[in-house]
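So you can see what is in the structure, the chains are spelled out below.
2 protein chains.
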Amino acid sequence: MTNTKFVTPIDDRYFEDYVPRAVYECGCIGVEEAEIIAFGQRFDPQPFHTDREAARQSPFGGLIASGWHTASLMMRLFVEHYLSRVASLGSPGVDELRWLKPVRPGDMLSLRVTVLEAKPSRSKPDRGLVRSYIEVLNQHSEVVMTMKALNFLQRRGT
Amino acid sequence: MTNTKFVTPIDDRYFEDYVPRAVYECGCIGVEEAEIIAFGQRFDPQPFHTDREAARQSPFGGLIASGWHTASLMMRLFVEHYLSRVASLGSPGVDELRWLKPVRPGDMLSLRVTVLEAKPSRSKPDRGLVRSYIEVLNQHSEVVMTMKALNFLQRRGT
Numbered sequence: 072m073t074n075t076k077f078v079t080p081i082d083d084r085y086f087e088d089y090v091p092r093a094v095y096e097c098g099c100i101g102v103e104e105a106e107i108i109a110f111g112q113r114f115d116p117q118p119f120h121t122d123r124e125a126a127r128q129s130p131f132g133g134l135i136a137s138g139w140h141t142a143s144l145m146m147r148l149f150v151e152h153y154l155s156r157v158a159s160l161g162s163p164g165v166d167e168l169r170w171l172k173p174v175r176p177g178d179m180l181s182l183r184v185t186v187l188e189a190k191p192s193r194s195k196p197d198r199g200l201v202r203s204y205i206e207v208l209n210q211h212s213e214v215v216m217t218m219k220a221l222n223f224l225q226r227r228g229t
Numbered sequence: 072m073t074n075t076k077f078v079t080p081i082d083d084r085y086f087e088d089y090v091p092r093a094v095y096e097c098g099c100i101g102v103e104e105a106e107i108i109a110f111g112q113r114f115d116p117q118p119f120h121t122d123r124e125a126a127r128q129s130p131f132g133g134l135i136a137s138g139w140h141t142a143s144l145m146m147r148l149f150v151e152h153y154l155s156r157v158a159s160l161g162s163p164g165v166d167e168l169r170w171l172k173p174v175r176p177g178d179m180l181s182l183r184v185t186v187l188e189a190k191p192s193r194s195k196p197d198r199g200l201v202r203s204y205i206e207v208l209n210q211h212s213e214v215v216m217t218m219k220a221l222n223f224l225q226r227r228g229t
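Note that the protein sequences, when read in sequence, are chains A and B.
Residue numbers for the first sequence, in the working numbering: 72 to 229.
Residue numbers for the second sequence, in the working numbering: 72 to 229.
Quick caveat, the hints were computed from the structure, so don't treat them as lab data.
You may find that some hints are simply not true.
Identical copies carry no separate label here, and so any pair may be met within one copy or between two of them.
[To be verified] Lysine to any residue pairs mimicking SDA-like chemistry, simulated, CA-CA at most 20 Å apart: (1) Lys172 / Leu160; (2) Lys219 / Leu171; (3) Lys219 / Asp166; (4) Lys190 / Arg169.
Bound-form chain A, shown alone (with noise of 0.2 Å):
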């Protein structure tokens, strides 16, 4: 697979301007300790997310993001890079996510993606399916998360 610029700006793309096997590489986001901590506390009281003190004896041997933390980072990106605001008409769901390796504090995490199939609906004439493949990765260029997304978007002109 190549790697491919984005060829039509995000605020004018619909469900025609996602081409299977076109290759997306953007976005830049940093991981803040506080944030994993706040995030932690409210939503996966986990102590390898939560207590310094407590992670460090963790086998993960330090404060680790929730799966859930390193999952919504990948989303703004996903939202402010890949997905049309203006085509966006949510999603489905999502297929095979995996954290593959521990998220820390300082960690810089971008995203490629990957179209893997766009299929108009038959339902609906508005609109598509788009299947894309999703990798996060940190700064040294390791595989944090994958995932297979699943989105509707509008059709140009409709």
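Starting from the structure of chain A, add chain B where the hints point.
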């Protein structure tokens, strides 16, 4: 499948206490409009998560929670009522995450979890992998989200 009460308190629950086909119904958490908007602004800045007026004019007819916010609220219930904090060794990922119905301000979410499979690790004798089917329900007993979770859990006495 029959409905089963917890037989082991969550703070003394290890891999061996997760018995396939056991069903747990547990927890209750409220969905607040302010948190929907704050979560959306940080992690999923699409208008139907962040802007009351734009959301009203969207296909959803009003503000809805980001799917990642719903998943994170699910995790809070999962950690507090199902996942053993003494034995949890993290998760390699989830499968077939599906958002079935919109989650709106004022909704009350609860959890139904079914143990699908519990398999001792072949390479690491101190742990096992538990596969669970998770349903998130709203106050009308409608299933709003489902997924299959994988969790590593410590074996008793290791």
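Do the hints match the structure? See the list:
For the identical chains of this complex, Lys172 and Leu160 are inter-copy neighbours only, at 14 Å across copies versus 31 Å inside a copy, given an alpha-carbon limit of 20 Å. For the identical chains of this complex, Lys219 and Leu171 are neighbours both inside a copy (14 Å) and across copies (17 Å), given an alpha-carbon limit of 20 Å. Within a single copy, Lys219 and Asp166 get their C-alpha atoms as close as 5 Å, and across copies as close as 10 Å, so both meet the 20 Å cut-off. Taking identical chains as interchangeable, the C-alpha atoms of Lys190 and Arg169 lie at most 20 Å apart only when they sit on different chains, with a minimum of 19 Å there against 25 Å within one chain.
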